[in-house]
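Mind docking chain H on chain R? Use the hints.
Chains as they are written, first to last, in our numbering: chain R, 985 to 1873; chain H, 985 to 1873.
Check the hints yourself; a few may be wrong.
Which copy is meant is left open, so a pair is good if it fits within one copy or across any two.
[Claimed, not checked] Cut-off 30 angstroms, straight-line C-alpha distance, at most; resulting in silico cross-link-like pairs (DSBU-like, lysine-lysine): (1) K1509 <-> K1498; (2) K1779 <-> K1638; (3) K1217 <-> K1132; (4) K1151 <-> K1639; (5) K1724 <-> K1319; (6) K1779 <-> K1712; (7) K1174 <-> K1217; (8) K1535 <-> K1478; (9) K1572 <-> K1406; (10) K1788 <-> K1572; (11) K1788 <-> K1535; (12) K1712 <-> K1046; (13) K1724 <-> K1576; (14) K1712 <-> K1498; (15) K1377 <-> K1687.
Think of the hints as simulated: they come from the structure by calculation, not from any bench.
Take a look at the letters that make up each chain.
Protein chains: 2
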Amino acid sequence: MGQTATQTKWVYLFKEGSKDLRDLLGGKGAGVAEMTRAGMPVPPGLTITTEACRQYYADGRKFPKGLWEQVTEALKEVEQQAGKGFGDAANPLLVSVRSGAKFSMPGMMDTVLNLGLNQATLTGLQRLTGDERFALDAYRRFIQMFGKIVKGIEGELFEDALSGAKKLAGVKTDPELKPKELREVVEAFKGLYKKHTHEAFPEDPLEQLRAAINAVFSSWNTERAVAYRRAEKIPDDLGTAVNVQTMVFGNMGDGSGTGVAFTRNPITGAKELYGDYLRNAQGEDVVAGIRDTEPISGLKKHNPEVYRQFQDYAEKLEKHYRDVQDLEFTIERGKLYMLQTRNAKRTGEAAVRIAVAMEGEGLVSREEAVARVEPRQLEQLLHPRVDPQANAKPIGKGVPASPGAATGQAVFDPDTAEEWGKEGKAVILVRVETNPSDVHGMIAAKGILTSTGGTASHAALVARGMGRPCVVGANQIDVDLRERKFSSNGTVVKQGDTITIDGTNGAVYSGQVKTIEPKPSADQKTLLGWADAIRRLQVWANADYPRDAEKARENGAQGIGLCRTEHMFMEEERLPIVQAMILADSTKEREKQLEKLLPVQRSDFEGIFKAMHGLPVVIRLIDPPLHEFLPNFEALLVEATELRIKNPKSPKLKKVQRLLDRVEQLREANPMLGLRGCRLSILFPEITRMQVRAIMEAACNLKKKGVDARPEIMIPLVGHVNELRFVKHELEPVARQVQKEKGVEVEYKFGTMIEIPRAALTASEIAREAQFFSFGTNDLTQTTFGFSRDDAEGKFIGRYVEQKILPQNPFETLDRNGVGRLMAIAVDEGRQTRPDLEVGICGEHGGDPDSIQLCHELGLDYVSCSPYRVPVARLAAAQAVVAEGSTTK
Amino acid sequence: MGQTATQTKWVYLFKEGSKDLRDLLGGKGAGVAEMTRAGMPVPPGLTITTEACRQYYADGRKFPKGLWEQVTEALKEVEQQAGKGFGDAANPLLVSVRSGAKFSMPGMMDTVLNLGLNQATLTGLQRLTGDERFALDAYRRFIQMFGKIVKGIEGELFEDALSGAKKLAGVKTDPELKPKELREVVEAFKGLYKKHTHEAFPEDPLEQLRAAINAVFSSWNTERAVAYRRAEKIPDDLGTAVNVQTMVFGNMGDGSGTGVAFTRNPITGAKELYGDYLRNAQGEDVVAGIRDTEPISGLKKHNPEVYRQFQDYAEKLEKHYRDVQDLEFTIERGKLYMLQTRNAKRTGEAAVRIAVAMEGEGLVSREEAVARVEPRQLEQLLHPRVDPQANAKPIGKGVPASPGAATGQAVFDPDTAEEWGKEGKAVILVRVETNPSDVHGMIAAKGILTSTGGTASHAALVARGMGRPCVVGANQIDVDLRERKFSSNGTVVKQGDTITIDGTNGAVYSGQVKTIEPKPSADQKTLLGWADAIRRLQVWANADYPRDAEKARENGAQGIGLCRTEHMFMEEERLPIVQAMILADSTKEREKQLEKLLPVQRSDFEGIFKAMHGLPVVIRLIDPPLHEFLPNFEALLVEATELRIKNPKSPKLKKVQRLLDRVEQLREANPMLGLRGCRLSILFPEITRMQVRAIMEAACNLKKKGVDARPEIMIPLVGHVNELRFVKHELEPVARQVQKEKGVEVEYKFGTMIEIPRAALTASEIAREAQFFSFGTNDLTQTTFGFSRDDAEGKFIGRYVEQKILPQNPFETLDRNGVGRLMAIAVDEGRQTRPDLEVGICGEHGGDPDSIQLCHELGLDYVSCSPYRVPVARLAAAQAVVAEGSTTK
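The following block holds chain R by itself, in its conformation from the complex (with noise of 0.2 angstroms):
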C-alpha cells in the first residue's frame, strides 16, 4: 500500500489482518483476515478500521484524512485477487458492506448487498450470469438495502411496491416475477428513492460505497446499538470496522446455496457440526427465516464434496481458535466460500459441556475450560424455568428480581400465604410491595410477586437470600388487597388461582406453566471441582435459617457468613413478645421478655450450627431499628385519627395512642444512619447479652452431643474503635460465663462488620478489638455514595446509569474507586495490626462475578453470599485467579 509513513493506515486487505487485530478490525474483520492467512477460500475484501470509526466521530462525523485514497487503493488490490473490476460493465466486481464491531452487536447495522450495481453494471452481470432475472432482482434488491439503509427510507415503502407489483402481475412469490415485471419494479424502487432523497440513485459504485461506509460508521450510534450496548456493558467509544467483501452468490441455482453453522452444538454442547442450510439462496434469507431451512447435513447429501471441504474447515477453525465457532458460508455454483467465523454463544448447559469436552480434547487447560463459562450462563442451570418449549403467553412482565420459576395459587396477604402453605398447599404471595412484617408470608410462598419497586426493593432482597423465585415492579398488575384479586392486560386472577411466575426473566403467566427442573450435570460438577482446586477466595454462604444453612452446604458453601438474627424476630409467634420487649417501660421487663426468647433463638441457632457441625458461623446481633419490629406509624396515624371523631371514648383509642406515642418516639428521621447495629447494643446492652447467651448455650449444648460448632459472633455498624470495645466488655462475660455454666469449652470469635467509611479508615485500630472483619458492603455503598437505596435506586440511580453518570448501579457491582478504595485500607490496615485478621464480605455483592473479582485482588479470605448463587461464586472466584495469570498450581 501507497500510504506515506506519516499517514495512519486506516484500511487493511483480509491478506494483511490477522486475529490478534481484533480491537483494530472488528470481530468480523479479524476473522476473515484469520481464514485468508489459512488459505481458506474467503472472497477478498478490504477492512476500514474501528480507529477510523473513532477519529471520524472525533472529526465531526467526516472521513478522517487519507481514508477514502486508501480505500480506493485497497479496492484496486481488491479488484486484482477477484479477477474484477469495480464498476466494469464487461466484469462487474459487486461487494458487500457491513459493519464489523470488536463485540458482536447483532441488529446494529444491516449488510448492504450488491453494491456496485448500476446500468451497465447489471447489464454485465446479465452477461456474465447468463440469468436476467437473478441480475435484476440484485438490483432492486441493492436499491432497496441501500435506500432504506443508506439513506433511511422506510423498508415497508419498498416491501409495498414490490407486493403491488406482484398483485398486478397475477402472482404470489417474487420468482414469479418476469424480468419485464421487474424492471418495472427497479423504476419504482428508484423512484421512491427520489422522492425521499430529491436525487437520482447514485450511478456511481464509488458514491454508493462512499454513501454506504459513512452509513456504517453512523449506525455506531443509533439508539438501538447505544440501548444493546448499555445493555451488554460494551463501551461507547470502541467505534465499528466497516468490511467491503466481494459478493459470492448463493442463488445462482441449485449448485449453489448458503448456510451458518456451529462447529459443536451450542443448545446441548454435542460435539457435532450444527446449523442450517439453504439450497439457491443469499445468506440473507437464512436470516430472515423467509423460506424453512434443512440442517447442515442437507449439504452432505446434495453436495458430499463440499460438505466434507467445509467440514475439514470448520475443524481446522474450531482447533485453531480453541473454541467453538459459528461459521458462515455461501456455495456458488459448487464452490464453497467462507463469509465469516466467530466464536459461538451457547446456552449455560451447552458452555459447561463444551469447556469440560475441550479440556478432554486437550484443546483447552483447566483454568481455560474455567474461564469459558459466563457466571450468568451457570446460573441459568441452577434454578427451574419455564420451558420454553410450552409457548407461554405472559400476562405481565416485571423486573426479574430472583431467579426461577414457581407455580402456585395467588394470596394476597402473608398470613394467608402461612396459612396455605401449612396446609401444603403451593402459593405465589402477590403484594403491591412488602415489608419485614409479610416475612413470615414469603417464606411460606414459593414465589412472590410485586407490582411495585425495583431489584433492590425489600421482596426483591428477601426473596434472593431465600433463593425464592421473585417477579417485582411489574407494574401493568393492578393488585386489589382488599378484594384480594388483581388484573393485568384484561385477565383477572383472584385469590386460589393459579399463576407461574419466572424470577429468571420477569415473565407472569396465568395458569400452570410447564417448568424445567434444575440438575446439576456431571460436566458442572467437573467444571466446579477445578474452579475449586483453582480458587484463593472461599465461598460462603449468607443464611437465616437451618435449612437455608443446608442448602448453603449442598452447594458447597465453607461457612456462613451472615446469619442475621432479626429475621427471627420477625416469625410469627415471636413478634409479639419482641414488641413487647421493645415497648417494654423497663429493663427489667424487657429482660422478662427477653428471656422468652432465649430458648427460641437458642434452637435456631442449635439448627444452624448442627447444618454447619466444623465450619464457621458468623452471627450477626441485632442491626435493625427498633421500630422496624412495631406497626407502621402511618397506619396508627390513621387509626387513632379516626377513632377519636368516631369514637373519641373507646379504650381503644387510649390503646393505639399509647402505641402511636412509642412508634413516634422511636421512629427516625433517616433511620439508616440512627439508632442500630451496635448503638442498640449500647443502650439495651441486655438485648445482645441474650443473644450471645443463646449463641453460647447453643454451641456448648452441641459440644456435648459432639458437634463442631464454630459461632464467630459479628457486632454490626461499628465506628469507632470504642464502640466495639464497649459492646465486646458487656458480651464476653457472657460467653465465659455460659462455657463454665456448661462446663465446656467452644471455639468463638468476636468481630465486626465494616460497613462504615469510618471504620474502613480506622481498621488498624479496629483490628486490635476484632478477631475478623466482614464487609457489610450494602450499607458501606450507602454511606460511601450517600445513597439511601430505599430512595435512590426508584428515584435517580436509574437514570445515573442511563445518563452514564454511573457506569453501573454500585448496589449490583462494587465500586472500584470509592468503596473498593474503603476496603482496601481496611484489609490492609487492618492486617498490619492483626495478621491473622479473617477478612469477608456478606453484602449482596459477595455473589456478583465483577465484585468477586475484586474482592479476589483486595486479598479477602472468602465471599459469602446467598446460598442459591454459592456455585456462581465458585466459578466466579477461580476466573479471578484465572484473570490474573496465576494459578495456584
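For chain H alone, coordinates are given in the frame of chain R:
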C-alpha cells in the same frame, strides 16, 4: 537522696524541682519549687510525683515500691530545713497535705492542714506558741479535716458537735470557746471519728501522713473530679501529685495574716496588685469566705515592709513566668511566706488587655500574646450577655445553642413573630421545635427558645448561622402552642409577655433583665490585627442574606464561604411560588414558576455581591430534598383522614388528597441520603439553570455599576466526577449566555462541596472538573460515621461522649482519624490534579478552634463560619500557626 539508681524517683524536695517539671510535680509543686529556687521564703516541703499516682492505680491502688521509703527520707530533709521534728513533742513539725495536678482542678480535693498533731505534739505546740487555745483549735481542725477528707466522715457531724459545744458554753463564735471547752470538742471529735471508722484517731504522725497521701491519690477519681475533667477536656490518665509542706500560721495574732493576690486585675486586666487580705487568719478562712476580707492594699497599711516585699516577689514572679500570677501567701508573726504561684485565670476582657499590655512591656512576643487568649474568652466579648450584677433568677434552663442574650415579647408562631417584628416589636420566638417553615419567624425574632432539641437541632443551627441568641431543649418549659403560652417552674408566660434568654449559658428569665452590650476594645482590635498578620488560613463567613454578609465583612471576613440559596426560598412571599414549582406537573409549568423566582433570587445575590465587593462569594445551588418546602406529611394525612370521615364529598378533601399524594411521592425513607444536592440538578436541571442565571445576571448587572462581584458556584453532594461533569455541562452554557446577553465578563468559578466520603476518596478525579473544593463537614461527618445528626445527637451521641466511647461530639469538633483522614486525602489528591485548587471548609466546624487547628494542619486555604464567629476564627487560625512553632514572620 539515697535511693539506688534502679529505683524510680517518686519524691522531690521543693528545692529539687522546677517549673519545667510541671508534668511530674503538678502545677502547685512546680510553683513552690520554682519559688524556692528563686530564693523566696517558701515553707520547706516535698512533692510526690504524678507518676507515683499513675503507678498507684496501675498497681491496684497500692503505694508503688519505694515510695514510702522516699517520703520518709525526704521528710528528714524537710525537718532539717524547718528546724523541727515530725512528731517531736518538743519542737513539732506540722505539715499540710494537698493534691496538685498538672492542670488546676479547683475543688478536686480539700487540703489537710496541721497534720502531725497528736496528744504529745499538741503540748509542744502549746508551749512553742504560748497559746493553748490556738493549739487546741488547730488540733480540732486537724481531726475534723482528717476525718472528713481522709476518712469520708460527713462534715456536718463535726459542725453539729462544734455548734453543740458553743450552745452549751452559751457563746456564738468559735474564738469565744475556752481551752477547756475546746478540749471537750476535741474529745467529741475523736469519739465521732471512732464511731465511724471503728478505730481510734491515729496518734502516729507517719500513719496520719500515709493515710492522707492515700486519700489524695484516691481523690483523683472521685465523681466530681472526673466530671470536672470531662468538662475541661483534661485527660484522665495524668494523675495528681501530692505536696507535703511545712505549716505556717497566719492566725498567730495581728502580726499574722494570710491572703491571695493576682499580679494584675483578673477581671479588667488592669496592671495592679489585686486580691484579698485577712489579718490573723488561716488561708482556708479566705477561701471559705467566712470572714470579710480587706483588699490587698490593707496589708500596705498594716505592714508596709511586708507589702513591699510581697510586691517585689509578685513582680519578679510575673516576669519570671511572663504571665499574670495568682499568689497565696501567709504572714506568720511578721514573716512573709509564699505558698503558691500559678498562672491566673481571667475573664475574656482581662485576657485581651493583659496579652496586649504584656507585649507592650516586652514580656511576650506577639505570637505569645495571641496564644494567651482562649478563643472562648474572646467569644464572651462578642455577644451581649446578662449582667451578672443583676442577680436575676432564671425560671428555666436549657441547652445554650447560640450565644448572646436577648429580651423580647414571647410569641408562639412564626407568622406572629414576623408581623410583630415588622411593627418594630422585639420578640422571642418560643416553639417546641422549629423546622424550615419557621425560618421567617426566626429571622424576625431577637431570640429563639425551644423546649426540645439539642445543639444540632434545626433551631440551633439556624440561630447560630444568623447570630440569634438561642436556647433549646429547655425541658422544664411546657409549651402550649394552641393556647400560646408556656409554663415553667410555676411561672406562666403568655403571648406578649416579656422574657429574656441567655444563649451563652442557657438561662431563661421572666421579664426584662439587664444585659451588657459588646463593644470591641482597642486592645481587641490590636490583638486581632496581630492574629491576622500571623495566620495563614483565610477566614470567610457563611451568610445567606446581605445583612449577614455585611456583618461578616465588618468582623473581618475575607469572603463568603457558603451562601445557601434555599433559605431564600423559605421566605414567606416566596414559599407559595416554590411550592407551585415543586408541584408542577410538567417541566413547562415548573419553568413558569421558576421565572417568577428569578428576579427575587437575582436581587438577593445583588445584595450579597454588593456587600462583598472584590471578595469571593461561594453560592451553593439548591440542596435540600424538595419535600422540605412542602407541608408536613403527617399533618396532611390527619387532615385528609378527618375530612374523609366528616365530609367525604368536600372538594377540599380532593385538594388535600392530591397534595398528600404528591408529598408522599417526594417523601423519602432517608432524606439525608436521598434526592437532594446535585441529584436535584440532574433530575430537574431547570431549577439550577434559573439559579445560575440569577447569579450571573446579578454579577453582570453590578459589574456595569462598578461593583466587583466574584461568584463561585458550588454544586453540592457530588460523589462521582460524572455528576459534576453533567451538571456543569448544563450550567456553563447559561453562565456564558448571560455574559453574552449582558455584554460583560465576570470572573466566576465552578466547584463542589466535598461532603460525601466518595468525593474525598476520588478527589483526584473530581478536581479535574472543580476549580474549588469546600468541605461540607456536617454531612461528611454524618456519612463517615453513619450518624444521622437529627437522630444521633438526641438519641445516643450524648451517651457516647458521657461513656467516653467518643472523645467529643464529632459535630462540634472535627474527628481527626476518620473525617480528618478523608479531608487529608481530598486536599492532597485534589491538589495533585489541580495545584491551584482552592480548598476551604464551610461546615459548622469552620468556627470551632480545635477544628480550625486541623484545617490549618491540612493546608486548607480558608475556613468559613458564622459571621459572628469570624473574630474567634481569626484568633484560632493564628494560634494554629503559633502552635506549630512557625510564624509567618
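Comparing the hints with the structure gives:
no.	hint	verdict
1	K1509 <-> K1498	within (26 angstroms within a copy, 87 angstroms between copies)
2	K1779 <-> K1638	between (38 angstroms within a copy, 26 angstroms between copies)
3	K1217 <-> K1132	within (29 angstroms within a copy, 80 angstroms between copies)
4	K1151 <-> K1639	neither (82 angstroms within a copy, 61 angstroms between copies)
5	K1724 <-> K1319	neither (88 angstroms within a copy, 69 angstroms between copies)
6	K1779 <-> K1712	between (39 angstroms within a copy, 21 angstroms between copies)
7	K1174 <-> K1217	neither (40 angstroms within a copy, 91 angstroms between copies)
8	K1535 <-> K1478	neither (33 angstroms within a copy, 69 angstroms between copies)
9	K1572 <-> K1406	neither (36 angstroms within a copy, 55 angstroms between copies)
10	K1788 <-> K1572	between (55 angstroms within a copy, 25 angstroms between copies)
11	K1788 <-> K1535	neither (38 angstroms within a copy, 44 angstroms between copies)
12	K1712 <-> K1046	between (68 angstroms within a copy, 28 angstroms between copies)
13	K1724 <-> K1576	within (23 angstroms within a copy, 75 angstroms between copies)
14	K1712 <-> K1498	neither (53 angstroms within a copy, 53 angstroms between copies)
15	K1377 <-> K1687	neither (54 angstroms within a copy, 67 angstroms between copies)
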